[in-house]
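J.: With the hints as your guide, set chain X onto chain R.
Chains R and X, in that order, give the protein sequences. So for the first sequence, the numbering used here puts the first residue at 6; every next one is plus one. So for the second sequence, the numbering used here puts the first residue at 6; every next one is plus one.
Simulated from the structure, these hints should not be mistaken for laboratory data. Heads up, a few of these hints could be off.
One copy or any two copies: either way a pair holds, since identical chains are not told apart in the list.
Here are the simulated DMTMM-like cross-link-like pairs (lysine to aspartate or glutamate), alpha carbons at most 25 Å apart as the crow flies [said to hold, decoys possible]:
(1) Lys180 / Glu25
(2) Lys194 / Asp102
(3) Lys190 / Asp201
(4) Lys55 / Glu70
(5) Lys55 / Glu42
(6) Lys55 / Asp201
(7) Lys109 / Asp503
(8) Lys180 / Asp35
(9) Lys203 / Glu474
Remember, it's a predicted structure, so these values are computed and weren't measured experimentally.
Protein chains: 2
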Amino acid sequence: MPQNSPERPDFFARHRALLEEAVAATAARDHWTPYPESPSKSVYGEDAAKNGEAAFQDQLDGHFELAGHPGERRVPATETSPYGFALGITYPRVTVDEAVAAGKAASGPWRAADPDTRAGVAAEILARLNAASFEIAHAVQHTTGQAFVMAFQAGGPHAQDRGLEAVAYAWAEQKRHPGAARWSKPQRKGGPLVLDKKFTPVGRGVAVLIACNTFPTWNGYPGLFASLVTGNPVVVKPHPGAVLPLAVTVRIAREVLGEAGFDPNVVLLAAEEAGDRSAGCLALHPDVRIIDFTGSTEFGDWLESNARQAAVYTEKAGLNTVVLDSTDDYRGLLGNLAFSLSLYSGQMCTTPQNLLIPRDGITTDQGVRTADEFAADLSAALDKLLGDPARAAGTLGAIVNDGVRERLDRAAAVGRTVRASAPVEHPEHPKAVIRTPLVARLDAEADRETYTREWFGPVSFVIGTDSTEHSLRILRETVSAHGALTAAVHSTSEEVLDDAELAALDAGVHLSENLTGGVFVNQSAAFSDFHGSAANPAASATLSDPAFVTGRFATLQSRRPVAPVAAEESADA
Amino acid sequence: MPQNSPERPDFFARHRALLEEAVAATAARDHWTPYPESPSKSVYGEDAAKNGEAAFQDQLDGHFELAGHPGERRVPATETSPYGFALGITYPRVTVDEAVAAGKAASGPWRAADPDTRAGVAAEILARLNAASFEIAHAVQHTTGQAFVMAFQAGGPHAQDRGLEAVAYAWAEQKRHPGAARWSKPQRKGGPLVLDKKFTPVGRGVAVLIACNTFPTWNGYPGLFASLVTGNPVVVKPHPGAVLPLAVTVRIAREVLGEAGFDPNVVLLAAEEAGDRSAGCLALHPDVRIIDFTGSTEFGDWLESNARQAAVYTEKAGLNTVVLDSTDDYRGLLGNLAFSLSLYSGQMCTTPQNLLIPRDGITTDQGVRTADEFAADLSAALDKLLGDPARAAGTLGAIVNDGVRERLDRAAAVGRTVRASAPVEHPEHPKAVIRTPLVARLDAEADRETYTREWFGPVSFVIGTDSTEHSLRILRETVSAHGALTAAVHSTSEEVLDDAELAALDAGVHLSENLTGGVFVNQSAAFSDFHGSAANPAASATLSDPAFVTGRFATLQSRRPVAPVAAEESADA
Chain R
6 MPQNSPERPD
16 FFARHRALLE
26 EAVAATAARD
36 HWTPYPESPS
46 KSVYGEDAAK
56 NGEAAFQDQL
66 DGHFELAGHP
76 GERRVPATET
86 SPYGFALGIT
96 YPRVTVDEAV
106 AAGKAASGPW
116 RAADPDTRAG
126 VAAEILARLN
136 AASFEIAHAV
146 QHTTGQAFVM
156 AFQAGGPHAQ
166 DRGLEAVAYA
176 WAEQKRHPGA
186 ARWSKPQRKG
196 GPLVLDKKFT
206 PVGRGVAVLI
216 ACNTFPTWNG
226 YPGLFASLVT
236 GNPVVVKPHP
246 GAVLPLAVTV
256 RIAREVLGEA
266 GFDPNVVLLA
276 AEEAGDRSAG
286 CLALHPDVRI
296 IDFTGSTEFG
306 DWLESNARQA
316 AVYTEKAGLN
326 TVVLDSTDDY
336 RGLLGNLAFS
346 LSLYSGQMCT
356 TPQNLLIPRD
366 GITTDQGVRT
376 ADEFAADLSA
386 ALDKLLGDPA
396 RAAGTLGAIV
406 NDGVRERLDR
416 AAAVGRTVRA
426 SAPVEHPEHP
436 KAVIRTPLVA
446 RLDAEADRET
456 YTREWFGPVS
466 FVIGTDSTEH
476 SLRILRETVS
486 AHGALTAAVH
496 STSEEVLDDA
506 ELAALDAGVH
516 LSENLTGGVF
526 VNQSAAFSDF
536 HGSAANPAAS
546 ATLSDPAFVT
556 GRFATLQSRR
566 PVAPVAAEES
576 ADA
Chain X
6 MPQNSPERPD
16 FFARHRALLE
26 EAVAATAARD
36 HWTPYPESPS
46 KSVYGEDAAK
56 NGEAAFQDQL
66 DGHFELAGHP
76 GERRVPATET
86 SPYGFALGIT
96 YPRVTVDEAV
106 AAGKAASGPW
116 RAADPDTRAG
126 VAAEILARLN
136 AASFEIAHAV
146 QHTTGQAFVM
156 AFQAGGPHAQ
166 DRGLEAVAYA
176 WAEQKRHPGA
186 ARWSKPQRKG
196 GPLVLDKKFT
206 PVGRGVAVLI
216 ACNTFPTWNG
226 YPGLFASLVT
236 GNPVVVKPHP
246 GAVLPLAVTV
256 RIAREVLGEA
266 GFDPNVVLLA
276 AEEAGDRSAG
286 CLALHPDVRI
296 IDFTGSTEFG
306 DWLESNARQA
316 AVYTEKAGLN
326 TVVLDSTDDY
336 RGLLGNLAFS
346 LSLYSGQMCT
356 TPQNLLIPRD
366 GITTDQGVRT
376 ADEFAADLSA
386 ALDKLLGDPA
396 RAAGTLGAIV
406 NDGVRERLDR
416 AAAVGRTVRA
426 SAPVEHPEHP
436 KAVIRTPLVA
446 RLDAEADRET
456 YTREWFGPVS
466 FVIGTDSTEH
476 SLRILRETVS
486 AHGALTAAVH
496 STSEEVLDDA
506 ELAALDAGVH
516 LSENLTGGVF
526 VNQSAAFSDF
536 HGSAANPAAS
546 ATLSDPAFVT
556 GRFATLQSRR
566 PVAPVAAEES
576 ADA
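Chain R extracted, bound-state conformation (with noise of 0.2 Å):
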């Protein structure tokens, strides 16, 4: 085995100390991450920040190299940024066919190697992608539309928190049996009968990531780190708009294969050109046997439908939910739902979207506010957060991409307008496109077709309801029929918490009680919050969960009889 040569790095020596924090982590679920989120000199190192532009700045307009990778053409840029310029970098091209084939071919050491092998490999690619952070974020900026603070956060240590998180799952699970065993069974004549038993987890197979547009490494490293550490190739198939943080990510893990003695083809990079519509031969290959994906419910169902062979991770859409009851912080509730809404310009799949509330209002500290008046507080509270320009930008990020300012646009029809959006100029970049949130005024009964759609992006709706009940029955309806991956109630009766509990656990979701603070709904903490329970049509995984690993691994056995006599008789002769 490659990790036995005296001349390589033993990854899992170095880093066993923290794999065995981050499992125990996972059972104890308090805050924990050992990868800093903030981007600060004295966290990262006088030159990190400087070091990291001019690696991204290094990138722009040239050629993309991947030593030893597949595929001799290029793939020609796609990327644009949403801070108004192209990218201009190309890719190496692989064929779907070359990409799987060259996979398959690296797999056979990777599946040889033993968990405690693959789980090191995984925690030194996460410390160097840790180490080059900054550059990451840079890429997820000009790629996704986020602010760098987010990009950095998000985009590299969160992230990397993720990644880890979905490796200390993969490497627990897999050494929940031993490598071997003797059985022995008494007879009720002569001796025992005695057997030595191997048992050796053994991937799948081939593995394909097909990642997002908004969150290219957050929402791809579990899916990436699982298959890896359960000893599977991965094809990392980027979005078209978001490839750099990806090509990075496959870099790091390439040259830490390398250097670990394995093949680097381990991980391979399937870069795409808009319409080529690689993804979909990916996933029917019949070589591939495990997809992980996050994007539109469209193209998950396809895949949960359509990709047979393969263990199919998904992350789709929802109707992400806030029912709102009562609260002793009014002032609270709307700053914190405000930035909510704000924050990357609602264009993540944990964004509110319905806002359920009584129309004859709810009780508050600053008295009972209608439906209608609930509506103009939060518009105005949009307004006090986002009245400076530059840290409007700061929180708002950039449109991602022609569709949601699209959908955008169309917003403006729906129901009545209660705040319009409206675009923001970048102190720094005139070109992005940037815009405040929508916020629309519905009815429960007559606005459901518009409200049971999602429309990702920064449009959220003000729904009237008859009270507190409907509007949990309507949590219930809702997000049982069309998904979710967040929810929120906002109440100062215990028993309207106990109900909003119920209802999200016969809905399948996720729910955030009266959030006033600096906790926020459409946030996740890795190791302590899931993100997708799997439970309600959003998404077929929680990241991460042993669900999310089990099914990338198979542990095989064989046995042999023991026969201490003959073993005497040998040793006597």
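T.: Okay, now just chain X, sitting in the frame of chain R:
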């Protein structure tokens, strides 16, 4: 919660030590069982055998009552003993919609109970099933055709072992995450952000167990108990030819559920007339979210393709393969293999079918034996094993149904019959349909179409190959393409054994090596051997492992801020 009522038994407290031992056993994988396999009076008591037989006899030609079970009408008797008499038992008749609705209606408190409570109830069910082992043994014998001792062991204690194993995995997996945790994230300024979080395992929904004719309890209990302990109601849909063993099981489960304060409809029986095709209707019901199935490849594949709303766990058919390379105990090899082919007339999903041997022969302690000589020697070993009719009947059992008998007839026309199947007269049951195994000689190239189909029943092929390398290539190819539940190799060469282990890992099948004594390839021991691998087409699940249980529930989360300042203020007021 029901379990807290003072008058109700605390089944979890009663069985906690057993559950903890069971979880430890899944990790140790040594021999372990709490359910003695010997049907002796010293173990099960003086009257157990007599009472069990009487309980079975009392059911014949009557209606099987299930107190409080939905369904006014009755399913006419469908069961005939392979030993030559009709059971004449009618069962409650429920429609698919009634069964699913009753399960769903019963599920609330069962979901609300915690994993400890559910595991305690399951362990009590298993304890009572164990006490009913003799009754179940007669029910299994006279529906499957298994000889009595096998019906007792495989249908009773060994099935209970597999049930408890599933309970252990299901219980442990739900406890991987705490019920509650406090998350505290330090902030650069001010106090930490603090949230209290709750984590609740929630079952996926109504589960359906579609059981088989040959091992209704052994193959049925893992899915039944895995679904139950993860919080799901279970509709048990027995094979029309083997209802009674599962009807007794359902009766006992309902008794325990009722005593524990739950709605007995958490477990339901959905007996059907032959030709009702209710399995397909149940499988497509939108509220059915979990399906466990043992049976034909055709229906298993149909379930996997069509029951898209459900998590589907199948055990189907395959090409169980033995690679013969060399041996230092030829006599032991022949005796062991002859018993494997004869046990329950080869009507086990684990019975070897394809015996691959170099045409020119293998090295043995009795000289080189060619493929033809081996076929003759194996036939002679079968003749010897089955020479005495009473002993033969005790090993062979009876032919379960006409399908197996007809297949056996067809096999007489295949290749060159080396040993013909013959009837055996049962000393006590003159009408029993008993047949000895057929052995046919095939060629690896010429007869590929024949041996790449499954011939379920007492049909095996001695297949001449070019070499052991060729045999291993055939194992890789045929098992990868068509699946297998078992594989075996005989060799005195460590190199060949290594090659065979690698071939088995490639093909995704568990491997037995050099079995010449009292362990047989078609037997697998709960808590030590995995049954099925989910890594080849014969099965999508392993009995049991974490992957078998993690898809049956989701862990849902709620979170709420903790405001220490507010709490202090309220304490001061």
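J.: Compare the structure with each hint and give your call.
T.: Structure-based check of each hint:
1. Taking CA atoms no more than 25 Å apart as the test, Lys180 paired with Glu25 passes in both settings, with 12 Å inside one copy and 19 Å between copies.
2. Taking the shortest alpha-carbon separations for Lys194 and Asp102, neither the intra-copy value of 59 Å nor the inter-copy value of 53 Å comes in at or below 25 Å.
3. Only within a single protomer do Lys190 and Asp201 lie at most 25 Å apart by alpha-carbon distance; the minimum there is 12 Å, versus 48 Å between protomers.
4. Taking the shortest alpha-carbon separations for Lys55 and Glu70, only the intra-copy value of 22 Å comes in at or below 25 Å, while the best inter-copy value is 79 Å.
5. Taking the closest pair of Cα atoms, Lys55 and Glu42 come within 25 Å of each other only inside a single copy of the chain (17 Å); across copies the shortest separation is 71 Å, beyond that limit.
6. Taking CA atoms no more than 25 Å apart as the test, Lys55 paired with Asp201 passes in neither setting, with 57 Å inside one copy and 39 Å between copies.
7. In the homo-oligomer, the alpha carbons of Lys109 and Asp503 lie at most 25 Å apart only across protomers (21 Å), although the nearest pairing inside one protomer, at 51 Å, exceeds that limit.
8. Taking the closest pair of Cα atoms, Lys180 and Asp35 come within 25 Å of each other both inside a single copy (23 Å) and across two copies (16 Å).
9. Only between protomers do Lys203 and Glu474 lie at most 25 Å apart by alpha-carbon distance; the minimum there is 22 Å, versus 56 Å within a single protomer.
Going down the numbered hints, you'll see the structure goes against 2 and 6, while the others check out.
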